[in-house]
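In case you want the letters, here they are:
2 protein chains.
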Amino acid sequence: MPQSPNDIVAANLKRLRAKKQWSQEELADRCGLHRTYIGAIERGERNITLNTLLEIATAVGVTSAELLTESRNAKAV
Amino acid sequence: MPQSPNDIVAANLKRLRAKKQWSQEELADRCGLHRTYIGAIERGERNITLNTLLEIATAVGVTSAELLTESRNAKAV
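Protein chains in written order, with my numbering: chain A, 1 to 77; chain B, 1 to 77.
Some clues are possibly wrong.
It does not matter which identical chain is meant; a pair holds if it fits inside one copy or across any two.
Claimed, not checked - Calculated cross-link-like contacts (lysine to any residue; reagent style SDA-like; alpha-carbon spacing at most 25 angstroms):
(1) 19 - 55
(2) 14 - 49
(3) 20 - 30
(4) 20 - 65
(5) 14 - 65
(6) 14 - 66
(7) 20 - 33
(8) 14 - 51
(9) 14 - 37
(10) 14 - 47
(11) 19 - 31
(12) 19 - 65
Just so you know, these hints were derived from the structure itself, not from any lab.
Please model the complete structure; the sequences and the hints are all you need to start from.
Shown next as structure tokens:
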């Protein structure tokens, strides 16, 4: 079964944030979002909008499309 | 200035729908959305969610990431 787009973003975001060794709080500050909201996104609990997707993608240095693309190799992005 | 993600989706959706020669109403029926909502998305007036993006992308036969990617060549997608 294909992952939902929010689940794909959750997995990519967790991986990219870990790579940068940022806490959820640090990422939240860089996005202008709340830490608890970042936590909910990383658990796939929020159906985020395209503007929020862009804010997060910009903060972690990828495109919106990349953040939405399922990664076959966790080390790839 | 880069286009907003909702503007990119708007442009891609208009092009893909035209290619299929579907009315907004036909696309709306295939997505389970209202015709006036499709119209607003095609004008970039809505900040859509990832689940809505996926519904529309599936209806026109592309991935969510493709629908979010700026097209350099209108004939490319």
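Hint check:
Taking the shortest Cα distances, residue 19 and residue 55 sit within 25 angstroms of each other inside one copy (18 angstroms), while across copies they are farther apart (31 angstroms). With identical chains, the CA atoms of residue 14 and residue 49 are at most 25 angstroms apart both within one copy (18 angstroms) and between copies (20 angstroms). Taking identical chains as interchangeable, the C-alpha atoms of residue 20 and residue 30 lie at most 25 angstroms apart only when both belong to the same chain, with a minimum of 13 angstroms there against 41 angstroms between chains. With identical chains, the CA atoms of residue 20 and residue 65 are at most 25 angstroms apart both within one copy (20 angstroms) and between copies (23 angstroms).
In the homo-oligomer, the alpha carbons of residue 14 and residue 65 lie at most 25 angstroms apart both inside one protomer (16 angstroms) and across protomers (19 angstroms), since each shortest distance falls under that limit. For a Cα distance limit of 25 angstroms, the shortest separation of residue 14 from residue 66 qualifies both inside one copy, at 14 angstroms, and across copies, at 22 angstroms. In this assembly of identical chains, residue 20 and residue 33 lie within 25 angstroms of each other by CA distance solely inside one copy; the values are 18 angstroms within and 39 angstroms between copies. When the C-alpha separation of residue 14 and residue 51 is checked against a cutoff of 25 angstroms, the pair qualifies both within a copy, at 19 angstroms, and between copies, at 20 angstroms.
Taking the shortest Cα distances, residue 14 and residue 37 sit within 25 angstroms of each other inside one copy (13 angstroms), while across copies they are farther apart (33 angstroms). Taking the shortest alpha-carbon separations for residue 14 and residue 47, both the intra-copy value of 16 angstroms and the inter-copy value of 24 angstroms come in at or below 25 angstroms. Taking CA atoms no more than 25 angstroms apart as the test, residue 19 paired with residue 31 passes inside one copy only; the shortest distance there is 17 angstroms, against 37 angstroms between copies. Taking CA atoms no more than 25 angstroms apart as the test, residue 19 paired with residue 65 passes in both settings, with 19 angstroms inside one copy and 22 angstroms between copies.
The structure is consistent with each of the numbered hints, conforming to all of them.
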